[in-house]
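Colleague: What follows is each chain in one-letter form.
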Amino acid sequence: MIYCLKFLIALIVSMPLYSFSQTFTVKGRIIDSGTHDNLPGASVYVVETKHGTASDEKGYYFLNLPAGNYTLRFSYVGYSDIELKISLNSPLVKDVSLQADVLLPGAVVSARAGDYNISNTTMGVERLSMKEVRLLPAIMGEVDILKTIRLLPGVQSVSETSTGFSVRGGSPDQNLILLDNTTVYNPSHLVGFFSTFNNDVISGIELYKGHFPSRHGGRLSSLLEVQTRDEIPHRINGTGGIGLISSRLMAEGPLGQKTSWMIAARRTYADIFLIFAREEDMRKASMYFYDLNGKLTHRFSEKDKLELNIYNGLDKMASAPGYFNYGNTVSSLTWSRVFSANHYGKFSIHFTDYSYNLGSNLNNSDVDWKSRIRDWAFRSDFHRPINSVWNLSYGISCTHHIFSPGEIRMTGLNLQNYVIPSSEATEYGAYLSNEQTVSEKLSLKYGLRFSAFQNSGSLRRTYTGLEPSLGAVYKLTPLSSIKANCSRNIQYLQLANNSSAGSPFDVWFHAGQKVKPQEANVFSAGYFHNFKDNMYETSVEIYYKDLQNVIDFREHSSLLLNQHLEDEIRSGTGQACGLELMVRKNSGRFTGFVNYTLSRSERTIAEVNKGKTYLAPYDRTHAINVVASFNLSSKVNISVIWVFATGMPCSYPTGRFAVGDEYFPIYSGRNEYRKPDYHRMDVSLNFIPRPKSKRWLRGEWNFSIYNAYNRKNPWMINYQQDKTTGIPYAEMTYMFAIVPSITYNFKF
Amino acid sequence: MNKVFIINLLNITCGLLTVCLWQGCTERMNIKTDNSPPVIVVYGELTDELKFQDVMLSRSSPYFDNVPNRGISNAELSVHSSVGDVYRFAASDSIEGLYRSVSKFVVAPGLNYSLSIKVDFDNDGALDEYSALTEAFPTVALDSLKIEAIDFFGQKNYFLYVYFQAPSDESYYLFKVYLNDSSVTAKLTDYRIVNDRLFRGQYTKYSLLRLKDISERERDSEEERERSVYIQANDKIEVRTGVIPSGYFDFIRQCRQEQDGENPMFGGPASNITTNINKDGVGYFATYCISRKSIVFTGSS
Chain D
1 MIYCLKFLIA
11 LIVSMPLYSF
21 SQTFTVKGRI
31 IDSGTHDNLP
41 GASVYVVETK
51 HGTASDEKGY
61 YFLNLPAGNY
71 TLRFSYVGYS
81 DIELKISLNS
91 PLVKDVSLQA
101 DVLLPGAVVS
111 ARAGDYNISN
121 TTMGVERLSM
131 KEVRLLPAIM
141 GEVDILKTIR
151 LLPGVQSVSE
161 TSTGFSVRGG
171 SPDQNLILLD
181 NTTVYNPSHL
191 VGFFSTFNND
201 VISGIELYKG
211 HFPSRHGGRL
221 SSLLEVQTRD
231 EIPHRINGTG
241 GIGLISSRLM
251 AEGPLGQKTS
261 WMIAARRTYA
271 DIFLIFAREE
281 DMRKASMYFY
291 DLNGKLTHRF
301 SEKDKLELNI
311 YNGLDKMASA
321 PGYFNYGNTV
331 SSLTWSRVFS
341 ANHYGKFSIH
351 FTDYSYNLGS
361 NLNNSDVDWK
371 SRIRDWAFRS
381 DFHRPINSVW
391 NLSYGISCTH
401 HIFSPGEIRM
411 TGLNLQNYVI
421 PSSEATEYGA
431 YLSNEQTVSE
441 KLSLKYGLRF
451 SAFQNSGSLR
461 RTYTGLEPSL
471 GAVYKLTPLS
481 SIKANCSRNI
491 QYLQLANNSS
501 AGSPFDVWFH
511 AGQKVKPQEA
521 NVFSAGYFHN
531 FKDNMYETSV
541 EIYYKDLQNV
551 IDFREHSSLL
561 LNQHLEDEIR
571 SGTGQACGLE
581 LMVRKNSGRF
591 TGFVNYTLSR
601 SERTIAEVNK
611 GKTYLAPYDR
621 THAINVVASF
631 NLSSKVNISV
641 IWVFATGMPC
651 SYPTGRFAVG
661 DEYFPIYSGR
671 NEYRKPDYHR
681 MDVSLNFIPR
691 PKSKRWLRGE
701 WNFSIYNAYN
711 RKNPWMINYQ
721 QDKTTGIPYA
731 EMTYMFAIVP
741 SITYNFKF
Chain G
1 MNKVFIINLL
11 NITCGLLTVC
21 LWQGCTERMN
31 IKTDNSPPVI
41 VVYGELTDEL
51 KFQDVMLSRS
61 SPYFDNVPNR
71 GISNAELSVH
81 SSVGDVYRFA
91 ASDSIEGLYR
101 SVSKFVVAPG
111 LNYSLSIKVD
121 FDNDGALDEY
131 SALTEAFPTV
141 ALDSLKIEAI
151 DFFGQKNYFL
161 YVYFQAPSDE
171 SYYLFKVYLN
181 DSSVTAKLTD
191 YRIVNDRLFR
201 GQYTKYSLLR
211 LKDISERERD
221 SEEERERSVY
231 IQANDKIEVR
241 TGVIPSGYFD
251 FIRQCRQEQD
261 GENPMFGGPA
271 SNITTNINKD
281 GVGYFATYCI
291 SRKSIVFTGS
301 S
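For the protein sequence lines, the chains are D and G, in the order given. Residues in the first sequence are numbered from 1 upward in steps of one, following this note's numbering. Residues in the second sequence are numbered from 1 upward in steps of one, following this note's numbering.
It is worth saying that the hints were derived from the structure and are not from the lab.
Derived SDA-like pairs: lysine to any residue, alpha-carbon spacing no greater than 25 Å straight-line: (1) G/K32 - D/I727; (2) G/K156 - D/D281; (3) G/K32 - D/E662; (4) D/K610 - G/N35; (5) D/K723 - G/K32; (6) D/K370 - G/F152.
Output of the computed footprint for chain G on chain D, the stretches with three or more beta carbons under 8 Å from beta carbons of chain G: (7) 544–557; (8) 653–664; (9) 668–676; (10) 711–723; (11) 733–739.
For glycine and all other residues, C-beta sits at the position ideal for the given N, C-alpha and C.
Here chain D stands alone, though its shape is the one from the complex (with noise of 0.2 Å):
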């Protein structure tokens, strides 16, 4: 890491170095033409120099040129190519929108420029749209986007039942999850069948398996970027579904010249059936969950532009005399500003909360327990396109954490109420990095993060730290390139829940006097190369990842309610490496893709089994993941994903004690063993009655088998004692058999 260290800065000192020509920016936004979705990773060739750029998460994209004549080549998989001849002699602002393929309206397996994955310079970065997680199977009805990203490599599932997942060997507390850069702290609606995000809000996610861009921190093993829809719808327009157990509808329009709008509200039904209950107690019933988006845009001019997002989403379970609601309300406003054609930026302010609430009511006995969370942060970020050298970002963040651990509040049980002291912590960071094409074939992406953290209280503790991340890309040929990347990532809080699949009872706690933060050196190599025209993608990538700090838990800890947390965690060491193979066909009638990934991830911590490595609860040594999708017709696309993994890591009992009748455990050594392998197969119809329709409602109609051939994955394994032989065995339990769904999706 010193190495890596060294080298940026002898690059950020040689610089100078450098000649300048008169250069001019070309920027705009690539949009799809029919939905105005914004189209993330569209490529931008100029034809002439044969260089190009992707637009960003946003869609927007910058070139910096020499004053002269250029064709550029605008090109998104899955969309017509577009062409246009510009005179250069100032800075030129020129938006472009793509028409979907017609003929095609599955073929989009990839939302990224066709050479995105050759020229990046970041590894390990994944995008998916929401048109091809549109057409994937669904359960129960909903197309999850957090479960989607399971299929990606390096990426597995937490539980089947949880929305939680685990990036090259992390723990789901080392992913950062933002919904339009705020941090979302439960993604997870009924525990984790659900994500809270709405599939007609999201524009698109991105995610970064271990090296993030410099302007976010504070996790080590992802980032993963939720972005809602920032269109500038011309008319009232919307989306919507009717599902078995849920419906959604996002609607959104122009109010002005200047003012755009949009809502979305998707809830769950179950709960109105209870009414039909023989006993009383159920029929009042409460158990739904809901989500409500908003979004309010206005620009004042061409160079100011304010936006106000809002979620809120709850889960409430009630049947007297207990109750337990969970919930998270993410907002954030953002003012943009162009302050020249190659200078722009973002002044934002976030706020985050996450709580849950249980309790009961009994004989007049009342018992209500609360925990949460919440963030206050502002951020600002600059974007500083000066060409082909200087392609500055930079910028500021500061959140300030205030955790409230839990309290329990109680009437008539002779009780006090318990406490836990609310707690507070900043967070603070500071980034520059650069995009630098040294050559044609040789592409750098720089930065260097400062992070400090400081919690309050009487055992105030400050723990600062240096980030820095270096990547480069080496073309080999235009259509193959090689790249490393290297980074450093620091962590301040912690997830207190060792639960293996994951619980809306989170805690979470920050670095103090016992917790040091974790901190992991990322390093990864890859070899890319495109097929035909890049309509097939392949690559390798290997990383390896040396965790120092990590944190697990002492054996029976108590997480919950616990006034002393930091006395429930150990911390040692940890390494993660791996190979991640995928091979993509993203355009034609027939699209996928298949990956494989070989990994392993341990952790060695004094004080947990007995001091020797153990494997990390997420590790999987194989998994494979395939995804299909064809176009029977314009009207029929049948889409099939068949995903397998080596069994999760566990502890068996290899002995056994009695005390009077019963039997107790004597485990192996921690994850000695492994679970059975999970593999399933899902298969989904998409039908389109009339794909041109100019009706003001169109409807499609999506047809899913969840876990198609019945595999029984266990979901946990419990042990029983036969009941005339006293005996134990082992029984597990699965969530899914064949799970049929059916959903009518709509636009107007």
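Given the structure of chain D, go ahead and fit chain G onto it with the hints provided.
Modeller: This is chain G only, laid out in the frame that chain D set:
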């Protein structure tokens, strides 16, 4: 935190979730593991009741072994108090592995007790020595019991409450409940335990056990009947309580957690149950003093 209290609350929540969420299916499965070598298993609870005290010795066995665990009958076993008293135990002729004190005795509050075992456990001709150390705490006097009727998911149920003044020192409580002199918390995993974090030093009303009205028995499934306690008018309910060492509290709590295996949503990684038996032994040797209180159920709340 008061783990049992949380578990009770979680039980309500889990019940909600179970009702609300997809009902999973279960089936038996075969697991192949290496077998851990046998270790000595010790379990004994000595109390301040004047009686012949018992300690059980046995061997551990492979988890999926088809024969019950065997007792150990060739050991020398004695208990030593911190004031020099020595109590000898003799192997029972009728129950393999049961060791009964040769004379009646009581444990005294405030004293430490050590258990000494000598046995050729590995059959190598040499005696292997094991020991365990524990402490007897003074008990807490129960003030009263109360049975309150509740409507629990449409059923006629009752809560059994105990009232007592909790001492100001950190304490861990064990409760055992008897219905008409027959234990309804006979199994280790049925023991009621609680720590005092929520009520240290306070006069306390603690919800100990949910009981069902006898009229509900007909409606309940056989499985539900097995795990329920039914009461009717004139039943006598007795509660025996003691203050136990924190290690014994952890042992009981962990036995309850680990007995059934994993709980993916609310449990942590599978871990071995802690013990106060030295070397590789498992189980627990505990002492405590008992106080009792009883109530006759009148048939109304």
